[in-house]
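Chemist: Just so you know, the sequences run in chain order E and H. For reference, each letter of the first sequence is one residue, going 1 to 270 in the UniProt record's numbering. For reference, each letter of the second sequence is one residue, going 1 to 271 in the UniProt record's numbering.
Just so you know, the hints here were simulated from the structure itself, not pulled from any lab data. One or more of the hints may lead you astray.
Unchecked claim - In silico DSS-like links for lysine-lysine, alpha-carbon gap of 25 Å or less:
#1 E:K162 with H:K10
#2 H:K265 with E:K162
#3 H:K163 with H:K265
#4 E:K162 with E:K173
As the list claims (entries may be wrong) - Covered, in the sense of this in silico footprint (three residues per stretch, anywhere, with C-beta under 8 Å from a C-beta of chain E), are these stretches of chain H:
#5 45–54
#6 130–141
#7 166–172
#8 211–221
#9 252–261
Built from N, CA and C at the ideal position, the CB exists for glycine as well.
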Amino acid sequence: MSAALDERLGKPWKKPPLISSPALRWTLLIGTVIYLILAMNSIEVNWSRVYRGLDRGWQFVVAFANPDFTSRAAEIKDGMIESAVMALTSTVVGIAISIPIGLGAARNISILPVYLVCRSIVAVSRALNEIVVAILLVAIFGFGPLAGFLTLSFATIGFLSKLLAEEIEDMDKVQAEAVRATGASWLQRYIYGIHPQVVPRLIGLSIYRLDINFRESAVLGIVGAGGIGATLNTAFDRYEFDTAAAILLVIIAVVMVLEYLSGIIRARVQ
Amino acid sequence: MAISTIDGQKVWQRRDRNTQLRTWALWLVGTAIFMWCWQQISAATTWPFFWDAPRIAADIGGRALPPRWSYMDKLWAPLWDTLNIATLGTVMALMMAVPVAFMAARNTTPSALFVRPIALLIIVSSRSINSLIWALLLVKILGPGVFAGLIAISIRSIGFCAKLLYEAIEEIDEAQVEAITATGASRWQVMAYGIVPQIMPAFAGIAVFRWDINLRESTVLGLVGAGGIGLQLQGSLNTLAWPQVSLILLVILLAVVVSEWVSAKVRGAII
């Protein structure tokens, strides 16, 4: 009776595996396990050092409840202004340079040699880490916000041109063709046919990039490229956790305000 | 849109006069702010250094080339450390991000009033502080080394992963969840069979995407003492060993390109 019932019911349902080939599945699984074991073993943890550090960690957490804005108020203010200045100017200059490069990097409106040149500029700018660029520029231009400004402008080009180019590649061709049919020149075609289509996205991305540039400008100071990072670094070096906590709180607050504003602006332009 | 007259003839204008004036006023204010900011930077810059820059750049370039290839022997171990920081950091971040994401998503949060704001706060604070600052802090707490870098990367990644993941959870198809609920499944079963399979592709995509970013970030963590190849970079910079610096930069560039290629391949295979 029960054997017959089992036969009618068949095998119970089982979830199909994520990777269907069993050989590949097991190789991947075993490979991952071996890698994880090797990787874990290569990381040395000095537990006694960690234990001593926990005390300092706790001090830092406590410092957040009791941040010290006053004793280094002048330095924090100057640092924040410098960071904001760097973020703003580099975003403006970065956008101004990215628009032509983005146009050149869009396959549907540019010719092949220009496309290749612009794409390689984008690739180089994206591959280099901001900090690494900042180190080199500090070595070349000396300490100060100019190196930070140049770094952030350079990073903005890679980010914005790539996304702008993708946006142009995805645009509605009909409008651009309609403008072209009126006998418009290349520039007029861009201004009346393409630009209005990408402007909302361009504004949104610019604000997003301003946000990123501000966050980045907070760390560039660690390698000497100006901004609040220098003050933060000094605070950590002196174990002044209450000042460090105050700076971090200011950064978080500014980032949150920027994120909120960018939400409003993006909602309005779209 | 407006019609205006020039020499008694009606011509089409894109915007009416008030809008146009307002636009120009905005541009004027924007330009003024920009000029003020530029003055600030200019005042803080030692311009003789700036005019000297091409010569210095040429000088550094001349010293840095060719890279000291023999130094590569000393780079394999830090490179392995860097890879481990990125990979293990991503794994740890994902393990912590999943519960945070479920608490932050409107449709799965246990309590929209208490738990959701906490989860969102975790996401925001983890995202607004750069991994280098986290590393700076953790080196002070845990001591220099790979471990501090690993924790810095994982803390920094939680916010990113949890944010993308909770957006994916909020976008799931509710019909499937209802179907599972209708079979009398428990809360956990609904999650395992109704929600998880739907967010799996997004999860895998986020993991690989973040791993790629983490590899980039872990290459510079050594600058503040948190292990990896950045430590070698710092050492070479301090001793002005430019041929080593150029080799390290080349290795970093190569690692970033490879990681981008890997992540593009994997994402292509998943999605």
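Chemist: Take the hints in turn and mark each one as holding or not.
Modeler: The hints, checked one at a time:
1. E:K162 with H:K10: violated (42 Å)
2. H:K265 with E:K162: Since the Cα atoms of K265 of chain H and K162 of chain E sit roughly 19 Å apart, the hinted pair holds (cutoff 25 Å).
3. H:K163 with H:K265: holds (23 Å)
4. E:K162 with E:K173: The hint holds at about 19 Å.
5. 45–54: holds (count 5)
6. 130–141: holds (count 7)
7. 166–172: Violated - the segment 166–172 of chain H has 0 residues with a Cβ nearer than 8 Å to chain E, which falls short of three.
8. 211–221: holds (count 4)
9. 252–261: With 5 residues in contact (Cβ-Cβ under 8 Å with chain E), the coverage given for the segment 252–261 of chain H holds.
Consistency with the previously given hints fails for numbers 1, 7, ordered from lowest to highest.
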